[in-house]
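*Asks:* Sequence:
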Amino acid sequence: MRVILFLLCMLAGISPVFAAAPVVHIGQGALAGERVDGISIFRGIPFAGDTGGDNRWRPPTPAPHWRGVRDATAAGPICPQSRQPRQGKVAPWLELFEIGEDCLNLNIYSPGLAADAKAPVMVWIHGGFARISTGSRHDASEMAARGVVVVTLNYRLDRLGLFAHPALSAEQPGALLGNYALMDVQAGLRWVQDNIGAFGGDPDNVTIFGQSSGGVAVTALMGSPLSEGLFRRAISQSGVMADLDNPRQLSRDLPRAPSLESDGVAMAKALLPGIEQPTAAQLRALPWQAIIDYTDAQPPGAMVPVIDGRLLPEAVTRRFVAGRQLPVPLMIGTTSWEQSLFVHHRLPLRPILGPVPEQEARAIYSGMDDKALVEHWLADTGFHAAARLLADASADSGQPTWVYRFDHLTPAAREAGQPGAAHHDDVAFLLRPLALPRWPADAPVERAMQAVMLDYWTQFARSGDPNGAGQPDWPRWQSGGNGVTQLLDIPVRGEADAMGRRMRYHLGRYAGVLRQPVP
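Using this note's numbering, you'd call the opening residue of the sequence shown number 1 and step up by one each time.
Hints may contain errors.
Subject to a maximum C-alpha distance of 16 angstroms in a straight line, what follows is the list of computed EDC-like cross-link-like pairs (lysine to aspartate or glutamate) [as the list claims (entries may be wrong)]:
#1 Lys-371 / Glu-358
#2 Lys-269 / Asp-293
#3 Lys-118 / Asp-194
#4 Lys-118 / Asp-204
#5 Lys-118 / Asp-202
The calculated label-pair distances, taken between Cβ atoms and stated as ranges, are [to be verified]:
#6 Asp-369 / Ala-290: 38 to 48 angstroms
#7 Ala-290 / Leu-347: 19 to 29 angstroms
#8 Leu-347 / Glu-228: 33 to 43 angstroms
Keep in mind the hints are simulated off the structure, nothing from the lab.
Note that this is a predicted model, so its numbers are computed, not measured.
A virtual CB, placed ideally from N, CA and C, is assigned to each residue, including glycine.
All chains should be modelled from the sequences, with the hints used to inform the complete structure.
*Replies:* Structure representation (structure tokens):
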């Protein structure tokens, strides 16, 4: 592993400095990691059992134990996912890591291992539509160098992480069902509570942060009563549980939202032809690749958690608005060009608008053709306005809340003619993609942007307030149209009533939906 890391560092133009291998002892056994440039790194630590075989579509099982000292210098397997090229490219992490169902492992980056260090802990929940990616694809050393312990973890993806079928429900009466990816993240957070002290972290000061589907998971975890005590603060980046219009349920079909069980029945019919009522054992015997291939053949979309009555008792948005989310400080935001997710698709306008009259939408998004209207509508309802709604609800419930929009364009983005910061552009200023270089010394603006992001994020983890690390003042969010959005660019500035007319329209529309009976 050191040889691989050395070569990656050479490609990145940096010289790694290795020290004696750090060893820690936890309940599962001893772990030997590596210390690089002052950061102790432990990779591939299992936090739960194998999810394959009879454990598929069950809550995560206890983590394994081992004898002797386990080598923790190499990342563990990543969860099964599509290998289809996206925009003509195969995801680079697919070439770096093994894939398998025994994938519930995590990585730890620690600035120090003293048992009494009690450094703030930041747990990263990766994005990727809950269908692709891994917690191992990013290096968190630069964030850890700010004095925090960073944990990156895997969770089950695709229909292995979100699935229900009547046969599975009948087999496991009373068990948690369906939202297996979210259960995995909660299992990882429980592992952190039990073990992070051995790595110099403070289990009483844990911040969860995630982007895209990871941001969705952050807000879903805030809406889950089963998350109580697992974290103290939350950061949602470009992803919230925008489930107000479409609160999908585990087993009950709604007019515009077929249940997760109905989706499972459809998959079983496609993959087990001729078997009218498959057993749970027959479903679990399906090759995972067949399940991934089935999803690849369906219309594009994300795997969004569903209301199951226990892990998620109700729509997360309604839970926030009622003040029933976990009472923790929140940082929440988006990028300026979230519609970058949709520019490669031509989606029909009428189904996207749902119950909203087309004339009404065109009045708000005047001068746009159908394609542009769809892109902006999806960006607003799925990201910008949804984040504003949860920010307002968080502030109204008395929780310290801060709202941002990432506006910064890298040189490559400017050269490509991007109209704004694309979905995911912010992540590289917090966590470095493996095998890519750090921001070089001759890119002072990018390094300044990285400093802004790392200072705000780690200071929030440290104190529950992003202010205090020497960056421009970031006003606390005020609901009712009085909030200031921090625009993250160089220079940083605040803006009142950002994207005003469109945001006011959607917030008014949401208020009308909230007055209607719960479906």
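*Asks:* Now tell me, hint by hint, if it's right for this structure.
*Replies:* Tested hints:
no., hint, result
1, Lys-371 / Glu-358, "holds (14 angstroms)"
2, Lys-269 / Asp-293, "holds (14 angstroms)"
3, Lys-118 / Asp-194, "holds (13 angstroms)"
4, Lys-118 / Asp-204, "holds (9 angstroms)"
5, Lys-118 / Asp-202, "holds (4 angstroms)"
6, Asp-369 / Ala-290: 38 to 48 angstroms, "holds (40 angstroms)"
7, Ala-290 / Leu-347: 19 to 29 angstroms, "holds (27 angstroms)"
8, Leu-347 / Glu-228: 33 to 43 angstroms, "holds (38 angstroms)"
The earlier numbered hints are all upheld by this structure, with none contradicted.
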